[in-house]
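> Sequence:
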Amino acid sequence: MKQLFAIDLKDYEEGDRVFRRPSARGIIMKKDKIALVYSRKEHYYKFPGGGIKDNEEQEQALIREVKEEVGLQVIPDSITPFGSVLRRQKSNYAPDTIFEQENFYYFCETEDRVTQQQLDDYEQEAEFVLRFVSLDEAIETNRKYQSDDEFDVIMIERERKVLQMVKDFLQ
0 MKQLFAIDLK
10 DYEEGDRVFR
20 RPSARGIIMK
30 KDKIALVYSR
40 KEHYYKFPGG
50 GIKDNEEQEQ
60 ALIREVKEEV
70 GLQVIPDSIT
80 PFGSVLRRQK
90 SNYAPDTIFE
100 QENFYYFCET
110 EDRVTQQQLD
120 DYEQEAEFVL
130 RFVSLDEAIE
140 TNRKYQSDDE
150 FDVIMIERER
160 KVLQMVKDFL
170 Q
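Going by numbering that gives the first Met the number 0, the first residue of the sequence shown is number 0, and it counts up by one from there.
Hints may contain errors.
In silico SDA-like cross-links for lysine to any residue, where the CA-CA straight-line distance does not exceed 25 Å [as the list claims (entries may be wrong)]:
1. LYS9 with ARG142
2. LYS32 with GLU149
3. LYS166 with GLU110
4. LYS160 with GLY50
Ranges between beta-carbon positions, derived for each pair [to be verified]:
5. LYS143 with ASP120: 39 to 49 Å
6. ASP95 with PHE131: 39 to 49 Å
7. VAL152 with LEU3: 12 to 22 Å
8. GLY14 with PHE131: 37 to 47 Å
9. TYR121 with THR96: 13 to 23 Å
10. PRO75 with PHE168: 15 to 25 Å
11. VAL128 with GLU13: 19 to 29 Å
12. ASP120 with LEU169: 26 to 36 Å
13. GLN117 with GLU13: 33 to 43 Å
14. THR114 with GLU149: 31 to 41 Å
15. GLU13 with LEU169: 21 to 31 Å
16. GLU13 with ASP76: 34 to 44 Å
17. PHE131 with LYS9: 17 to 27 Å
18. ASP95 with VAL128: 34 to 44 Å
It should be emphasised that the hints constitute simulated quantities derived from the structure, not laboratory data. Ideal Cβ placement from N, Cα and C applies to all residues, glycine included.
Could you build the full structure based on these sequences and the hints that come with them?
Okay, here's the thing in structure tokens:
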């Protein structure tokens with residue numbers, strides 16, 4: 000899969016240990032709207048998806064994570080790679096650790112029915128909900144996002160850039 004861009008804050012020591020957390024994220028278009036996770040608490044949009052477990056294929060993680068976060072069932076034959084984004088920065092959880100996350104983005108289609116979300120505690124706290132919005136609305140919402148948590152600011156900026164790339168690709 001081609002790398003779309005990389006984010007490397009270089010705010011760590013080169014000898015630090017590396018914690019890798021690859022993820023798979025879905026780009027789900029329904030006519031002129033995109034299906035995204037919206038945080039009602041923090042007021043941002045993100046692509047549905049999340050961490051790839053050990054011994055799990057990227058596509059399997061995509062299907063599982065989309066179902067858990069937004070209750071949509073991905074149609075496996077519809078999965079098409081878009082690109083990846085590499086993120087490296089000092090961990091905000093573990094000292095002397097680099098957080099490295101390769102985010103793999105896939106176009107995919109889903110069944111029309113929506114089932115119950117299965118959210119982790121932090122996702123419930125952020126009040127994650129499924130929303131179908133225009134790309135412009137998602138891009139603008141994320142452009143305005145502000146937080147004291149730089150870790151989240153970097154994530155939302157990454158999502159904004161990918162949303163813009165999806166918009167450019169579709170035009």
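> So, for every hint listed, does it hold in this structure?
Hints and how they fare:
{"no.": "1", "hint": "LYS9 with ARG142", "in the structure": "holds (23 Å)"}
{"no.": "2", "hint": "LYS32 with GLU149", "in the structure": "violated (29 Å)"}
{"no.": "3", "hint": "LYS166 with GLU110", "in the structure": "holds (23 Å)"}
{"no.": "4", "hint": "LYS160 with GLY50", "in the structure": "holds (20 Å)"}
{"no.": "5", "hint": "LYS143 with ASP120: 39 to 49 Å", "in the structure": "violated (27 Å)"}
{"no.": "6", "hint": "ASP95 with PHE131: 39 to 49 Å", "in the structure": "holds (42 Å)"}
{"no.": "7", "hint": "VAL152 with LEU3: 12 to 22 Å", "in the structure": "holds (19 Å)"}
{"no.": "8", "hint": "GLY14 with PHE131: 37 to 47 Å", "in the structure": "holds (46 Å)"}
{"no.": "9", "hint": "TYR121 with THR96: 13 to 23 Å", "in the structure": "holds (19 Å)"}
{"no.": "10", "hint": "PRO75 with PHE168: 15 to 25 Å", "in the structure": "holds (22 Å)"}
{"no.": "11", "hint": "VAL128 with GLU13: 19 to 29 Å", "in the structure": "violated (40 Å)"}
{"no.": "12", "hint": "ASP120 with LEU169: 26 to 36 Å", "in the structure": "holds (35 Å)"}
{"no.": "13", "hint": "GLN117 with GLU13: 33 to 43 Å", "in the structure": "holds (39 Å)"}
{"no.": "14", "hint": "THR114 with GLU149: 31 to 41 Å", "in the structure": "holds (34 Å)"}
{"no.": "15", "hint": "GLU13 with LEU169: 21 to 31 Å", "in the structure": "violated (39 Å)"}
{"no.": "16", "hint": "GLU13 with ASP76: 34 to 44 Å", "in the structure": "holds (43 Å)"}
{"no.": "17", "hint": "PHE131 with LYS9: 17 to 27 Å", "in the structure": "violated (37 Å)"}
{"no.": "18", "hint": "ASP95 with VAL128: 34 to 44 Å", "in the structure": "holds (37 Å)"}
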